[in-house]
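Position chain R relative to chain X; hints supplied.
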Amino acid sequence: MTTHPDQTTAHPDRTARAEGSAGRPRTTGHATDRRGRGAGAVFSAARAAVARRRMQTVIVGVIVLLSAATTVLGIGLLVSSHGPFDDAFAEAQGSHVTATVRADVPAEQLAATAGASGVAAVAGPFDQVTAAIGGVMGPPGRESVIVGRGEQHGPVDRLTLSSGAWLSGPGQIVLTRRMAGTLLRAGSEVTVNGVKLRVVGFAASVTGTAEAWVWPTQTDVLGGENAARQLLYRFTTPGADDAALRAALATATAGLPEGAVTGAVTYLTVRQALNRTISAIAPFVVAFAVLGIVLSVLITVNVVNGAVVSGFRTIGILKTLGFTPGQVIAVYVAQVLVPAVAGTVLGAALGAGLAVPLLAQTDDAYGVPGDGAGVPLWVLGLVLVVAPLLVALAALGPALRAGRLAANQAISVGRAPRTGRGFRARRALTASPLPQPVALGLGMPLARPSRAVATLVALLLGAVTLVFSSGLSASMSEVNTAFTRIDAVTVTVHMLVPGAFGPEFGPPGGRPDDPAEPAEVAAATAALPGTAHSTLLYEAEARVAGLAQEVRLNGYTGDASWTGYRIAAGRWYSGAGEVVVTSYFLRQTGYAVGDRLHLPGDRSVLITGEVINGSDGFTVIGDASLVDKPMNAQIEVALTPGTDAAAYTKALQERYPMESTGVYVEDRNVGEDGETFLIIQTLIATLTLLLAVVAALGVLNTVVLTTRERIHEIGVLKALGMTPRQTRIMIITSMVGLGLLAGVVAVPLGIALHHAVIPVMGDAASTALPQSAMEVYQLRELLLLGGAGILLAVLGALLPAGWAARTRVATALRAE
Amino acid sequence: MTELIRLRDVAKAYEAAGPPALSGVDLTVHAGEAVAVMGPSGSGKSTLLNVIAGLDRPTGGTVEVAGVRVDKLSETALARFRSAHVGIIFQFFHLLDEMTVRDNVLLPARLAGMRTAQARSRADELLERLGIAGKSDDYPARLSGGQRQRVAIARALMNRPQLLLADEPTGAVDQQAAAGVRDLLHELSADGLTLLLVTHDPQLATAAGRRLITMRDGRATEAVPA
Numbered sequence: 001m002t003t004h005p006d007q008t009t010a011h012p013d014r015t016a017r018a019e020g021s022a023g024r025p026r027t028t029g030h031a032t033d034r035r036g037r038g039a040g041a042v043f044s045a046a047r048a049a050v051a052r053r054r055m056q057t058v059i060v061g062v063i064v065l066l067s068a069a070t071t072v073l074g075i076g077l078l079v080s081s082h083g084p085f086d087d088a089f090a091e092a093q094g095s096h097v098t099a100t101v102r103a104d105v106p107a108e109q110l111a112a113t114a115g116a117s118g119v120a121a122v123a124g125p126f127d128q129v130t131a132a133i134g135g136v137m138g139p140p141g142r143e144s145v146i147v148g149r150g151e152q153h154g155p156v157d158r159l160t161l162s163s164g165a166w167l168s169g170p171g172q173i174v175l176t177r178r179m180a181g182t183l184l185r186a187g188s189e190v191t192v193n194g195v196k197l198r199v200v201g202f203a204a205s206v207t208g209t210a211e212a213w214v215w216p217t218q219t220d221v222l223g224g225e226n227a228a229r230q231l232l233y234r235f236t237t238p239g240a241d242d243a244a245l246r247a248a249l250a251t252a253t254a255g256l257p258e259g260a261v262t263g264a265v266t267y268l269t270v271r272q273a274l275n276r277t278i279s280a281i282a283p284f285v286v287a288f289a290v291l292g293i294v295l296s297v298l299i300t301v302n303v304v305n306g307a308v309v310s311g312f313r314t315i316g317i318l319k320t321l322g323f324t325p326g327q328v329i330a331v332y333v334a335q336v337l338v339p340a341v342a343g344t345v346l347g348a349a350l351g352a353g354l355a356v357p358l359l360a361q362t363d364d365a366y367g368v369p370g371d372g373a374g375v376p377l378w379v380l381g382l383v384l385v386v387a388p389l390l391v392a393l394a395a396l397g398p399a400l401r402a403g404r405l406a407a408n409q410a411i412s413v414g415r416a417p418r419t420g421r422g423f424r425a426r427r428a429l430t431a432s433p434l435p436q437p438v439a440l441g442l443g444m445p446l447a448r449p450s451r452a453v454a455t456l457v458a459l460l461l462g463a464v465t466l467v468f469s470s471g472l473s474a475s476m477s478e479v480n481t482a483f484t485r486i487d488a489v490t491v492t493v494h495m496l497v498p499g500a501f502g503p504e505f506g507p508p509g510g511r512p513d514d515p516a517e518p519a520e521v522a523a524a525t526a527a528l529p530g531t532a533h534s535t536l537l538y539e540a541e542a543r544v545a546g547l548a549q550e551v552r553l554n555g556y557t558g559d560a561s562w563t564g565y566r567i568a569a570g571r572w573y574s575g576a577g578e579v580v581v582t583s584y585f586l587r588q589t590g591y592a593v594g595d596r597l598h599l600p601g602d603r604s605v606l607i608t609g610e611v612i613n614g615s616d617g618f619t620v621i622g623d624a625s626l627v628d629k630p631m632n633a634q635i636e637v638a639l640t641p642g643t644d645a646a647a648y649t650k651a652l653q654e655r656y657p658m659e660s661t662g663v664y665v666e667d668r669n670v671g672e673d674g675e676t677f678l679i680i681q682t683l684i685a686t687l688t689l690l691l692a693v694v695a696a697l698g699v700l701n702t703v704v705l706t707t708r709e710r711i712h713e714i715g716v717l718k719a720l721g722m723t724p725r726q727t728r729i730m731i732i733t734s735m736v737g738l739g740l741l742a743g744v745v746a747v748p749l750g751i752a753l754h755h756a757v758i759p760v761m762g763d764a765a766s767t768a769l770p771q772s773a774m775e776v777y778q779l780r781e782l783l784l785l786g787g788a789g790i791l792l793a794v795l796g797a798l799l800p801a802g803w804a805a806r807t808r809v810a811t812a813l814r815a816e
Numbered sequence: 001m002t003e004l005i006r007l008r009d010v011a012k013a014y015e016a017a018g019p020p021a022l023s024g025v026d027l028t029v030h031a032g033e034a035v036a037v038m039g040p041s042g043s044g045k046s047t048l049l050n051v052i053a054g055l056d057r058p059t060g061g062t063v064e065v066a067g068v069r070v071d072k073l074s075e076t077a078l079a080r081f082r083s084a085h086v087g088i089i090f091q092f093f094h095l096l097d098e099m100t101v102r103d104n105v106l107l108p109a110r111l112a113g114m115r116t117a118q119a120r121s122r123a124d125e126l127l128e129r130l131g132i133a134g135k136s137d138d139y140p141a142r143l144s145g146g147q148r149q150r151v152a153i154a155r156a157l158m159n160r161p162q163l164l165l166a167d168e169p170t171g172a173v174d175q176q177a178a179a180g181v182r183d184l185l186h187e188l189s190a191d192g193l194t195l196l197l198v199t200h201d202p203q204l205a206t207a208a209g210r211r212l213i214t215m216r217d218g219r220a221t222e223a224v225p226a
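Just so you know, the protein sequences line up as chains X and R, in that order. If you read the first sequence in the numbering used here, its first letter stands for residue 1, the second for the next number, and so on. If you read the second sequence in the numbering used here, its first letter stands for residue 1, the second for the next number, and so on.
There could be a bad hint or two in this list.
As the list claims (entries may be wrong) - Listed below are several chain X residues computed to face chain R (Cβ distance under 10 Å; list not exhaustive):
id	residue
1	427
2	433
3	439
4	805
5	810
Think of the hints as simulated: they come from the structure by calculation, not from any bench. All residues carry an ideal CB built from backbone N, CA and C; glycine is no exception.
Isolated chain X (complex conformation) (with noise of 0.2 Å):
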């Protein structure tokens, strides 16, 4: 393909007819006619303008649509992280904590506390115990908080009926549909304490305040040991954070009894573990999200301004003919504006399309109905209207200058030779020992400094972009290792606990012959050629008043110390009575390292150190004393360097065949990363290459740009001997240069972006991240992505070069 004159300046003739029946003024007709003649001659222009500058009108759309297509994902996500909880919220008269207090605490002051100051509002007391629900999916054992509450409806947590119907007297209960699984329908019967209760409805609390409700008067359900009683806060003015509303609480519960309110959840802890896996995605997507609407308003500047530099002539004709400057302005901006605003809307579509299997998850988290329509609508119309008018906005800067332009001026510099910007610089390279090609196209540059400098930006962002997500894939592939233990731990052997499972519910595929006993299979492994280090761990859940879920416990029968995890703070379990927990438990319930947990049984256990790990499961890990009725059993297994994992897992697994021992051998090398990850990696990949593709249209348009001013020039030196290998290294060598600087200084800010969002993302998600995951560039790569942007500045090069390399000289001469 190749550049003909014509493309180059407006055709006077299609000027003169696009002005012929409008831009003219006329001495007869109202004013309105002529406005509407005026807006006919600028529609006229403009769309000759677009036809005529096909490349930019493509570039142009093509990055206003990859960048609303990141913002409407960036803001959708952010939004819609929130959007669903806080509106269930709202609808429910959410409880913004929920206390749990002794059972010996006398009602009368619990009570008061509803009078407290900065109570809005109070639900209950309610009678609440910790006891297991006989007949639901589970383990045998495994407990659950039970209400007694008579109101489905109230000033504070209004339940959700699903199915079925409230309480309406004692011998009833009403179940989450989380706890009573498939099975159960209204009509089923259930035993808590050894009492028979008929389910009668499924019902959801907005913040999880229970996970079964009973008649308040159903007092051989609701005594017992494990007996406490249950409030619900609303505060006028709850604040923004966990620390202000346990802050809240403390002012209401003031006036209770020493020791009266064993815990507390707040609902921003229940928000925030809802919206995980979104919240811990959403900082990167908006910072790709921002670099993607700084580099198409630059792109769009660079366009309009390189549109009126090479139209100076047309512009000038335009005024001669009797355009207005303000007809000349709108004709500018008009030209981009059809390009954005067809940019715009598939962008914003397929934003949309990309958001919805993200925020499904969110649609799905337990409690809070989603309406499955993904981006919220006011998002899509808020990129809609703002990133046309962003357009526009860069494109008016240019565009007023095209209008201030004086007719004559304006096509007397259309004609006049350049002036003398960086001639020296530029005599300097060709005066260099550099080949000659190199030398003039790293001096193309300096004839356009802002050019270059617009083009060095955009190509510094999408640098930044690479070398920034880049780290950011890096650090999500240690958070996984850290989070998987994969590193320490490469086989898992996972046995059930005979009996664990109860009479009436055994696992998948059904029950084993023979069960192994997990001593048996732990020996035996530890026997096996291959194995370093072996250790066998028991599983259980128990729950902790206070505590929005059960707490699953992690019982180590050996040494455990090499099975990979981090310690974010503190130090490794030494002994019975001490255990590590997970960040999130930490972050979720308010516990400290150094604090005692409180366990059923009267057990108490230290918290010694805090350790990393992925599950959003309130994990304690510790050794085997820890569990004294397992679900699980399963051995870790570290191998000995060389040993092939494969033939390893099979001939343990050929030892315990699985059907008739329910002992499952995995090599954890070929399990799929989770799937948070795989979204994780898939949006980074997606979102670079989007980036990516946008800098390199920026150097594209900067490269056509120039090679249409310059086609002149072009067309010369090839009549005097350039080849078309010494143009096409002239025209991409016009960009390596500015591609190296940019590479040079995206470098640190990749650095500093990726070392500020990968915290934020470790806090949204919960959890404290490994030291390795910020340290994740090492020096090798840090050289390889300085050239980052010399690869984008090849790629933006490598189609116009061609054109230029394949422009016929007469062609080329022949150009004005």
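Below, chain R alone, put in the same frame as chain X:
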């Protein structure tokens, strides 16, 4: 004498349906000859020069220059061919505004990869010979039309071409400068350089050209000297 240019039945049409710019042109130029091509605007003079220089490709016939079928060469080979064998002078000089006079003259040598010292020596020699040595550090914008054309001639001669092509070399300069260009081309021709120039200027055609080709509607006719 050796044939330097040999055109056989050369045709060139810019649009399939339009009139041809060149039609059935046969032309032979021997080494050392000076040929002037004249004719009205649109008669095909510049197209003829472009086809010989390899700046444009014919749509029919054969073009042989210095024993090479230029109509068959690739773009890369054409560029190398021009660099080695052909110097071109344009009506509007086509100097590069951001380069000094010396750098403009040095450009063909640098593109051809000539050694720097050798190239500088050759450029200085040409600038001296053409009377513009004092302007070697100036930019083209500061030169008169005649001076610019002298720079363009020096640049065309830089790589010691066998063939010098000139397209209206006096078309954009005043009478006094035109006379200087005429003398210069005459001198170069007298030194044995093969010259083919396209011009509207009868004085130039007479002074620099020993053969005269007339173009009309894309056809070339050799004028017999009176």
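Consistency of the hints with the structure:
This hint holds: residue 427 (chain X) has a C-beta 6 Å from the nearest C-beta of chain R, less than the 10 Å allowed. Because the smallest distance between the Cβ of residue 433 (chain X) and any Cβ of chain R comes to about 7 Å, under 10 Å, the interface hint for this residue holds. The restraint placing residue 439 (chain X) at the interface with chain R holds, with a minimum CB-CB distance near 8 Å, inside the 10 Å limit. With 10 Å as the threshold, the beta carbon of residue 805 (chain X) comes within range of chain R, its nearest partner Cβ sitting at about 8 Å, so the hint holds.
Given hint, residue 810 (chain X) at the interface with chain R, holds; its Cβ is 4 Å from that chain's nearest Cβ, closer than 10 Å.
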